[in-house]
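Spelled out, the chains give:
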Amino acid sequence: DTGVSQDPRHKITKRGQNVTFRCDPISEHNRLYWYRQTLGQGPEFLTYFQNEAQLEKSRLLSDRFSAERPKGSFSTLEIQRTEQGDSAMYLCASSLGFGDSPLHFGNGTRLTVT
Amino acid sequence: DQQVKQNSPSLSVQEGRISILNCDYTNSMFDYFLWYKKYPAEGPTFLISISSIKDKNEDGRFTVFLNKSAKHLSLHIVPSQPGDSAVYFCAAIHYNNNDMRFGAGTRLTVKP
Chain X
58 DTGVSQDPRH KITKRGQNVT FRCDPISEHN RLYWYRQTLG QGPEFLTYFQ
108 NEAQLEKSRL LSDRFSAERP KGSFSTLEIQ RTEQGDSAMY LCASSLGFGD
158 SPLHFGNGTR LTVT
Chain U
22 DQQVKQNSPS LSVQEGRISI LNCDYTNSMF DYFLWYKKYP AEGPTFLISI
72 SSIKDKNEDG RFTVFLNKSA KHLSLHIVPS QPGDSAVYFC AAIHYNNNDM
122 RFGAGTRLTV KP
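Each protein sequence line maps, in turn, to chains X and U.
Numbered by this note's numbering, the letters in the first sequence go through residues 58 to 171 in order.
Numbered by this note's numbering, the letters in the second sequence go through residues 22 to 133 in order.
Okay, chain X solo, but in the shape it has when bound (with noise of 0.2 Å):
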């Protein structure tokens, strides 16, 4: 168990560009969310996969947001056209897949948009 990947680390963007995020999850897990934890809150739900099928999408993944998960293995997070408003801690978690399964985060992506 190697744990969930992230890359990059950190990203700093200026406003306008477009940046892609990539998350490699547990090996053996089916499901992989997308969080966006800003400073001072909790990770926010962003969207959600079952294998490569994205099962569910937050009213705050605007249409600048897009996320895939290609062959239910990695996943990438783009955002187009970013704001200022999208600098956060992007997170990625993943898990087995039963309701009551716990998430296992990666150490997320910080996004600073100039």
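Please keep in mind that the hints were generated in silico from the structure rather than gathered at the bench.
Hints may contain errors.
[Stated by the list, open to error] Partial selection, computed: residues in chain X whose CB lies under 8 Å from chain U:
no., residue
1, S144
2, L148
3, D157
4, L160
[Claimed, not checked] List time: in silico DSBU-like cross-link candidates among lysine-lysine, alpha-carbon distance up to 30 Å:
no., chain 1, residue 1, chain 2, residue 2
5, U, K92, X, K114
6, U, K77, U, K26
7, X, K114, X, K68
8, U, K26, U, K132
9, X, K114, X, K128
10, U, K26, U, K75
11, U, K89, U, K77
12, X, K114, U, K89
13, X, K114, U, K26
[Claimed, not checked] Over the 12 Å line for every Cβ pair with chain X, so calculated as not near, a few chain U residues:
no., residue
14, I41
15, T47
16, N88
17, T130
18, K132
Since we're looking at a predicted model, the values are computed, not measured.
Every residue, glycine too, gets a C-beta built ideally from N, C-alpha and C.
Fit chain U to the given chain X structure using the hints.
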């Protein structure tokens, strides 16, 4: 729509004493509750959980209590150790829903 609330942003206790972290929720449909611990520059780490059919779950120094009528849960750490210093998040989920809701966190400081 904050369905999970941690009203104490910080807590400081002496090493060896009990730490009690509190969490309130508003959605009666939640049927599974979890506590996560987060160190700086790391993602949250699962600590302990409890199903809504139970009122207590214990794991070593950590015990979670659930009071469904009050929509309240608490995490007890006994005895507290300096290594327990971290931010603790309460989370809740409904089995048929994949949107796990988190509180804003409580920063615990355990003083030697």
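Hint check:
no.: 1; hint: S144; result: violated, 17 Å
no.: 2; hint: L148; result: holds, 6 Å
no.: 3; hint: D157; result: holds, 5 Å
no.: 4; hint: L160; result: holds, 6 Å
no.: 5; hint: U/K92 - X/K114; result: holds, 27 Å
no.: 6; hint: U/K77 - U/K26; result: holds, 20 Å
no.: 7; hint: X/K114 - X/K68; result: holds, 23 Å
no.: 8; hint: U/K26 - U/K132; result: holds, 25 Å
no.: 9; hint: X/K114 - X/K128; result: holds, 19 Å
no.: 10; hint: U/K26 - U/K75; result: holds, 21 Å
no.: 11; hint: U/K89 - U/K77; result: holds, 11 Å
no.: 12; hint: X/K114 - U/K89; result: holds, 29 Å
no.: 13; hint: X/K114 - U/K26; result: holds, 23 Å
no.: 14; hint: I41; result: holds, 19 Å
no.: 15; hint: T47; result: holds, 15 Å
no.: 16; hint: N88; result: holds, 19 Å
no.: 17; hint: T130; result: holds, 16 Å
no.: 18; hint: K132; result: holds, 23 Å
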